[in-house]
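> Listed here are the chains, written in short residue letters.
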Amino acid sequence: MQFRHEVLENGLEIVAEVNPDAFSQSLGYFVRTGARDETPEIAGVSHFLEHMMFKGTPTRTSLDVNRALDDLGSQSNAYTSEEQTVYYMSVLPEHQSAALDLLTDMMRPTLHQEDFDTEKQVILEEIAMYDDQPPYGAMERAMEEYFGDHPLSTRVLGTRETVSGLTAEAMRAYHRQRYAPGNVCLVASGAVDFESLVREAAERTGRWEPANTDRKRIVPHPTVAEVTMVHPPATQQYTLEYSPSPSILDPQRYVYRILASILGDDSGSRMFWELTDKGLADMAVAFTNEFEDCGIFGLYLACAPEQQSENWERIESILRGARTQAITDKELELAKNKVRAGMILASERPSNRLFSIGNAWLSRRKYETVREATENYQRVTRDEVQAAFEQLANRVQVRVSVGPEPEA
Amino acid sequence: MQQKLLQHRLANGLVILGERMPWLESVAFTFMLPGGTCREPNDRAGLAGLTLELSQRGAGSLSSRDVVERLDFLGVERSSHVSTFYTTMSMAAMASVLKPTLEIAASILLEPHFPESELEEARQSALLELASIEDDPAQKCFKELKQLRFGELFGRSSLGSEEGLEAIELEDCIRFHSQFCKPNGSVLALAGNFDWDEVVQTLESLFSTWSGATDTEPGPVVPYRGAVHLPHESQQTHIALAYDAVPYNHPEYYRGRGIVGILSDGMSSRLFTEVREKRGLVYAVSASSHSLKNCGSVLCYAGTTSNRAQETLEVTVDTIRALANGIDKDELSRLKSRVQTSLVMEQESSSSRSSQIAYDWMYLGRVPSRQEVLDEIHALTCESLLKHFQEHPPHGWTLVTIGPEALEFSHAVST
Chain W
1 MQFRHEVLEN GLEIVAEVNP DAFSQSLGYF VRTGARDETP EIAGVSHFLE HMMFKGTPTR
61 TSLDVNRALD DLGSQSNAYT SEEQTVYYMS VLPEHQSAAL DLLTDMMRPT LHQEDFDTEK
121 QVILEEIAMY DDQPPYGAME RAMEEYFGDH PLSTRVLGTR ETVSGLTAEA MRAYHRQRYA
181 PGNVCLVASG AVDFESLVRE AAERTGRWEP ANTDRKRIVP HPTVAEVTMV HPPATQQYTL
241 EYSPSPSILD PQRYVYRILA SILGDDSGSR MFWELTDKGL ADMAVAFTNE FEDCGIFGLY
301 LACAPEQQSE NWERIESILR GARTQAITDK ELELAKNKVR AGMILASERP SNRLFSIGNA
361 WLSRRKYETV REATENYQRV TRDEVQAAFE QLANRVQVRV SVGPEPEA
Chain B
1001 MQQKLLQHRL ANGLVILGER MPWLESVAFT FMLPGGTCRE PNDRAGLAGL TLELSQRGAG
1061 SLSSRDVVER LDFLGVERSS HVSTFYTTMS MAAMASVLKP TLEIAASILL EPHFPESELE
1121 EARQSALLEL ASIEDDPAQK CFKELKQLRF GELFGRSSLG SEEGLEAIEL EDCIRFHSQF
1181 CKPNGSVLAL AGNFDWDEVV QTLESLFSTW SGATDTEPGP VVPYRGAVHL PHESQQTHIA
1241 LAYDAVPYNH PEYYRGRGIV GILSDGMSSR LFTEVREKRG LVYAVSASSH SLKNCGSVLC
1301 YAGTTSNRAQ ETLEVTVDTI RALANGIDKD ELSRLKSRVQ TSLVMEQESS SSRSSQIAYD
1361 WMYLGRVPSR QEVLDEIHAL TCESLLKHFQ EHPPHGWTLV TIGPEALEFS HAVST
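Listed in order, the protein sequences are those of chains W and B.
Using the numbering used here, you'd call the opening residue of the first sequence number 1 and step up by one each time.
Using the numbering used here, you'd call the opening residue of the second sequence number 1001 and step up by one each time.
Just to be clear, a hint being listed does not mean it is correct.
As the list claims (entries may be wrong) - Some chain W residues near chain B, calculated using beta-carbon distances under 8 Å:
| hint | residue |
| --- | --- |
| 1 | V18 |
| 2 | N19 |
| 3 | P20 |
| 4 | D21 |
| 5 | E195 |
| 6 | R199 |
| 7 | D277 |
| 8 | D282 |
| 9 | A304 |
| 10 | P305 |
As the list claims (entries may be wrong) - Which bits of chain B does chain W cover? Going by a derived footprint, with three or more residues having C-beta under 8 Å, they are:
| hint | stretch |
| --- | --- |
| 11 | 1127-1137 |
| 12 | 1205-1217 |
| 13 | 1262-1272 |
| 14 | 1383-1395 |
None of these hints come from the bench; they were simulated from the model.
In this text the structure is predicted, and so the values were computed from the model without any measurement.
Ideal Cβ positions, reconstructed from N, Cα and C, are used throughout, including at glycine.
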């Protein structure tokens, strides 16, 4: 296993974890752009653009792109989040050159009006699909309430209105700005020929024009809020709460991830034993979500509407228990073992390593082996987790709940 | 593609299969036992799942909490589920903890406590899981499709029904477990980094007191035709569609599977191209092969806003029927390329391999090697696929839609 890193003249960075014994390789373009980099009138453009990247290049039609992806036998896809947009494919090592050629070509799409209009319908279908799933609406609303006028409040999918109003021209401008080589990282894992990768990437991205791609880091100032939404066909009540936690750049994040596991992992945690195991809730979990300038500590409850308030009180009571029921050494050990085993098992596939390596590089410019990454958790002490637990008692929380019409 | 299937049968009849993947650090195993939903009494729908859940709430020397904590301590990832014919329990962990992990699995199978005190909690969990499907119309649509197509016995959801779950008593779980958790007729498949002789020795000792067989076989599955609409206040209409196809154990299965691949595998597949790329009708559209022993089906899904649902249904069915006009050799070459990649990548995951081995054993009575599958796929020609499609044209349609309005669907009655 060897880490390799190169910066091309145009500013494009290339990082790879090379494992000559692997059966496959994965390649991905990680672009440092997402919903937070959009202005309100173009909300949803990052995600819409991600779809459009598959719709044709100067040398390939949309059908050609799809056929080429399948010709390589690739397992490929893309996703957009608040902070990044990622295009990736896993192929057999002998297809490296062709895979890189295709993926690089896709990064400079033609964005034809006709394709844009058809794909807009697909995006609107995706929005409608999520609109029919009540928990998703709660998640979007909780982000809006928590972040207020902070850029992280922007919905990744945009809204029906913003997507309908988007123009191909606005998308082209966004692409020129955000997909400049200095804002993109080519990531590879598995059986990779790194020298060829660098040489061929340099040839194929030579004409990519640099642009200024700043992102403002702003600390959000959430204020306490509680919102109840009604989704008439819903049968369950879904409640989501966000409060502050460390950012992706803050070493404290490992402490909070361990704390989330101890309090609210989907199995074996305090919330599991108190709620899920007892059959009181379909789901009761805690998690962290980290961004460049801040993080959120999340709590999520799915249960019968009539049990929501009692169940939420149970969760509150667990969170108030910092002093009376301190974190034990055993809980810490179990959480660490779980995290470590999960990371090592997942790392056996180069396609999983791609995301660990790409995400770490894009957000922190740091490479860690799987062992080093697990060490970050092993170092966490009980006192640190306990201190974070005690902080939760004073948290500023934003809570959103969605469910059916309350019974009269 | 070198691989070797290790095989051993315990005196009690349990079949143990293994495939060493020494390049991995992990090992995974899958138990498949014949306690599927089709074995549930009709008034106890949900019994198989509830029994499985309850069997993990305390076993041998371990309490319910001990089971979870011990597995977490060892870093074991686990999953268990119930299907129409089988109960499946899978675990994956680092190779060094295989033995203690197998010990816990053996306790769950052989010495479950079935604590009275936990029945109510397990029942409530099951009822909540069943209720949550109501808020996921796409998933609900498939649950209803299977129910309509395969009937009360074979189309039953593993989640059971409210009435069934409410009626289950502790004795039902104990009886179900003692009837269907038997070594003879079950399989344990391991894949990953392990020492075969040690594994066999461990299992010989762990399962020395286990005995018995599941002696009855479920009857044949006969699919039903027809169309049902379930009104739902939603933006999208969800369309789940099924038609007859050859099952997994059919000599021409790979031809049938190849046709489904042309239809739905990859971004250049027919359905993705016609329904989504050209017309923008959907975000999600797909088809997949589904087998219930002797009964094969193709299951399709499309979700679209209601005013375009009729068009979506028609384009989907027309796209399926248009396979009769021939298959392009480039399409077939892409299909072969995709299969080859996924077979190679199967070597990167002990979990996927162990469940595939167990599934193959139960459905085929043998485990085809990767080379055999690859040879089957390479042998496909445009002509052989077309001939198969002509001999097995889509018929026996079943349709379930969920959304504001019902759709017109003449195929259900006319074919």
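> Decide, hint by hint, whether the structure agrees.
Structure-based check of each hint:
no.	hint	in the structure
1	V18	violated, 16 Å
2	N19	violated, 10 Å
3	P20	violated, 12 Å
4	D21	holds, 7 Å
5	E195	violated, 23 Å
6	R199	violated, 25 Å
7	D277	holds, 7 Å
8	D282	holds, 4 Å
9	A304	holds, 7 Å
10	P305	violated, 10 Å
11	1127-1137	holds (count 9)
12	1205-1217	violated (count 0)
13	1262-1272	holds (count 6)
14	1383-1395	violated (count 0)
Violated hints for the displayed structure, listed by number in ascending order: 1, 2, 3, 5, 6, 10, 12 and 14.
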